[in-house]
Amino acid sequence: MRIARPLRLLEFRSGSLAPIIVILAVLLVLLTARQPDFLSPPSLMSFLGRSAPIILLAAGQYFVIVSGELDLSVGSLVTAQVVIAARLIDSDPSAGWPVVVLLFAFGIAVGLVNGLVTTRLRVPSFITTLGMFLILVGAVYLWSNGAPKGGLSEEFRRLGRSAFEDVPVLGRIPYALVILLAAAALALVLTRSDFGRTLVAVGGNPRTAELSGVRVWRAKTMAFVLSGLAATLAAVLIGGYSGVSFQAGAGLEFGAITAAVLGGVALGGGRGSVVGAMLGALTLETLFTLMNFYGVSGALKPTVQGAIILFAVAAASFRFPSR
Amino acid sequence: MTVLAVSTLLVLAGCATDEPTTGASSSPSAGTGSGTGEQSKFFVQADYDKQLALLDAAPTGPAGKPWEQALNPAMVETAKFTKSGPYKICFSNAGLNNPWRQVGFKTMQAEVDTHRGRISEFVHVDAEGKDQKQIADINDLLGKGCHALIVSPNTTATLTPAVEAACQKGLPVIVFDRGVDTTCPVTFINPIGGYGFGHVAAEFVTQKMKRGGKVLALRILPGVDVLETRWSAAKVAFDKAGVDVVGVEFTDGDPAKTKKIVNDYIQRYGTIDGVWMDAGAVAGAAVEAFEDAGKPVPPINGEDQLDFLKLWKDKKLTAIAPTYPTYQWRTPIIAALKILDGEQVPNPWKLPQPTITQDNLDEYVDPTMPPLHYAMCGCTDLPGYPRRWK
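Protein chains in written order, with this note's numbering: chain A, 84 to 406; chain B, 812 to 1201.
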């Protein structure tokens, strides 16, 4: 059974995008029925631009989930990055790029710690990243007293807020969308590389992977680092989009996990695609927009996310009763 | 229609068992209801009437020092608390967990510094926003030989017994900012309050926007009395004027969430003609949402946080800033010294609650102060200004 998995994986992968594309299409039809100009270029561009951070986080979460782990720390990492950026930039226009470099270093460091504690100290990633979540939330609170200091410069905010203007047909293309597409292309290349396939094998069956010479700990640690990088990029875009906030990343980890699961990535690892995870995030955002257009309270969002996670995991176990 | 859509959604999401309620953002009903929903259970008509009357009351006390003034004061005797100084004054603080409280606490410390000859020790304990910690803090302070105890309660009901226990120890207790359900403290100090704030903002938005326009109401979170009273007064004003309130949404005070919500409403309705907010912290994000969507910013209210005032001036917004002034943090120190001298003090001590309008905006915008500073701090004459607040 288990030896046949790589083969089945390929089948699953080619077929796995179908459900999410269908759901997304249905939602888009419902959305345009209610709000015909939703698909008009300006509105669509704005929607894609502000969905970019959660799509990036879903891509990062894909690498961790497919390797058989979970990363609950991404939301708190986003908050920490935004608060750190505000404090270090302190409204100084020239400080933008050096701070961005520093943020990436911090994101990598957090990913490394998550990965090494999980793989070398053998702490379940659920606990590791929950611990990291609490550490980051507490540290940010202590550092800022609950009220972020300093400010983000207009220059820093441009990445998340501005756009290429006067583009033919589309009107304007948010920088965030361009960054997202570039990151998505990179992520896709990565999943097609040896590393990407190794990661899936590690998530599918760590023991087999270990026996066939894969350094499981290294692959998994890399996955956490990628998640940290995705969170950093998301933080730069979120900070740019909405400015400094003590809650910039609150709840994003659940959004990213829901998105990945909705996009066909199996919790527990070994199955799914990064494109699926990203489409999952887009679908989730579309669903929330639809809920708004139909006047459903935003308070239902966590409920919907929870329902999606339960449903997706249950559905997956029905599809693979042997597991 | 809505219910059908919701059910469809939940089938898609894999859950069709519960019939969800449409929640706060229900579509507007015809007639007087105008989309504002049920009145809050925090709404008390008598308090509302009292606060609205106070908006027009002339304060007594020194001109230009609103933190020493009082509205319609009823004085209480304090002779039994007379003691000779210097004093040890203790302060149990609910928390320092937002910029408003940070500005306020710095103002209070500076006020203490002006009385250094008379106050030998000022003990501050931060409850970090936790009821249980504040109850323990107050209990600890009772054994520390304080001459007066100042309390800014974290929540009303839970802290009431702790404050009552402190009163029974015989030391003068001064409560300020949020209240407690007991009359035992010598005085309770705060500005007019939430009804005044919500009413002023709602009246402004109603008058400045086009008739029959759509208003979006943004609230931080439900269940906090100061915020509930702000919203409930706005509801009364909007209902009376028959304003079309198309949404009442909670932002959690988060700018990203605020921007998304406002953006969604702009998309949904094409245009929004007025924005009412129960607190100004995310007013900047709401303004940005209109800018990013290429729409004019409609009449809006924020509060006296400098980032909003600066935005208002720079972008020439149609705006107003009702306040809940941070200068109220000076008053408990002044009250404590008066009480220990045996002088009468007002109880309740209602402070004026000025509004920043287009006419006096320039007096309050100060580009040299940080964006999260509050203009109504009444702190410019205090030692260490402006360094201490930066």
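Calculated from the structure, these hints are not laboratory results.
Owing to the predicted nature of the structure, the values given are computational and were not obtained by experimental measurement.
Treat each hint with caution, since some may be false.
As the list claims (entries may be wrong) - Here are the simulated distance ranges between beta carbons:
1) B:Pro-1197 - A:Ala-188: 30 to 36 Å
2) A:Leu-122 - B:Thr-1191: 52 to 58 Å
3) A:Ser-177 - B:Gly-1034: 42 to 48 Å
Claimed, not checked - Among the chain A residues that face chain B by a calculated CB cut under 7 Å, a handful are:
4) Ser-123
5) Ser-276
6) Ile-321
Using N, Cα and C, we set each Cβ at its ideal position, and we do this for glycine too.
Hints and how they fare:
1. B:Pro-1197 - A:Ala-188: 30 to 36 Å: holds (35 Å)
2. A:Leu-122 - B:Thr-1191: 52 to 58 Å: At 54 Å between Cβs, range holds.
3. A:Ser-177 - B:Gly-1034: 42 to 48 Å: holds (44 Å)
4. Ser-123: This hint is violated: A:Ser-123 lies away from chain B, its Cβ roughly 10 Å from the closest one there, beyond 7 Å.
5. Ser-276: violated (33 Å)
6. Ile-321: It holds, given that the least Cβ distance between A:Ile-321 and chain B is near 6 Å, below 7 Å.
Consistency note: the structure conflicts with the earlier hints numbered 4 and 5.
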